[in-house]
Amino acid sequence: MASRFKSVILRHTDSIKRSNLSGIKDTIRSRVTTANHDNGYGTNEFINLNFYDDDNYLSIVKCINGGYYIIEDMLKFMSNYNDCGQKHIDNLKSCSKKSKSKVKAQSTLSSYHTTRAAQLKTICAPSLEAEYLQARHDAIQEVIDECRTKLNRIYPKKSSNSSPKHNRTDYMIDSFEAARSVLLNLSEKLEKLKEQKRKKDAALLEAKILCENLSYTHGVKESKTEKASNSRKKHEQQLEEIENDIARSEDEYEQEKKTYRVEARRIYEKCRVLEEERLELIEDILIKFVKAAYSSENSMQYRAIYKELKSYFIDELNITEDLDFWAQTYGVYDSTRSLSTETNQNDDAHDDDDDDDEEEEEEQEEPSSADTTTSSTKTKSKKNQKQDLL
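Residue numbers for the sequence shown follow this note's numbering, so the first one is 0 and each next one is one higher.
Hints should not be assumed to be uniformly reliable.
Stated by the list, open to error - With a straight-line cut-off of 30 Å between C-alpha atoms, the simulated DSS-like cross-links for lysine-lysine are: (1) 232 to 198; (2) 99 to 306; (3) 256 to 188; (4) 223 to 199; (5) 207 to 220; (6) 193 to 207.
Simulated from the structure, these hints should not be mistaken for laboratory data. Keep in mind the model is a prediction, meaning the values are calculated, not measured.
All chains, please: the whole structure from these sequences, using the hints.
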């Protein structure tokens, strides 16, 4: 009955373990999927703008400089994670130390022999776990320190008040500005010419109005009419020259835009290498952190603790031996009720009967063999039960 009940419990326990493991895997998948959905690309000041227009080249510069804060946020997360881990480590050590003191203070009347040793060994397990966790904590800290060194090298701070920027920021900006200088000059020239055209259009309009008014006015001197006409023609000629200058400048501007586009692309490719290095640094940090925090090596360490305790419980923890130990200590030991010494008793009886006849030896050997078999079977049965439970 007890065996069937234990079998049912074990099957139920295995079912719970499988169910829990499946649930954990589903939870992990769900959270990873959720994280992917949360990875939407938000807006920013350069969204939907053409990289080659105006000073939009600053988008790649600000992208690279902003990388400092991205990495800094990751390092803060890792530091916070490690702080939580250190608190857990300290709590484990404290828990183990306090519990160990309590066991040692327990009355030896109720706490003794292999069961007491098993308690102490189990209570010491958190300290061993703390050692493994400390090693993991230190490994993560190495990742943090290594990344911090690289971050400070790539984004040096010139002063405490200055914002961090990439060590190639000035080079990037100077390169883009040099490439864009001719285009910028042509743009300014065009603006001036267009302003001249607006003024000349206004002057020409006034000259035309004056000429028209004079043509409808009687008694106007011919010299005055001629002067107004010459002024109109002069404005028309100057306007034509300005328009020609604008046309030439626009052609030059369009040609320079193509030249700038090529040069800006070349500079961008250099910036792209810097951005790639930044992203690779983030990738390297994440991989090293995950390896230090969640690799199978950690589960192997937990497994080692489990296997050591399991081995001790199966091979060393012996309740029958404990009962005999207590009985012997307090003077109520009865060898006829002891399973742990039956084999030894049978061996002693066999040695004492060496002088008896052969038939008596055979008669005494038979129960000795049976007792030994019974003791061995019971011992093996208990070991098997513990193995099933573990």
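Query raised in the report: Out of the numbered hints, which ones does the structure contradict?
Result: Checked against the structure, no hint fails, so every one of them is satisfied.
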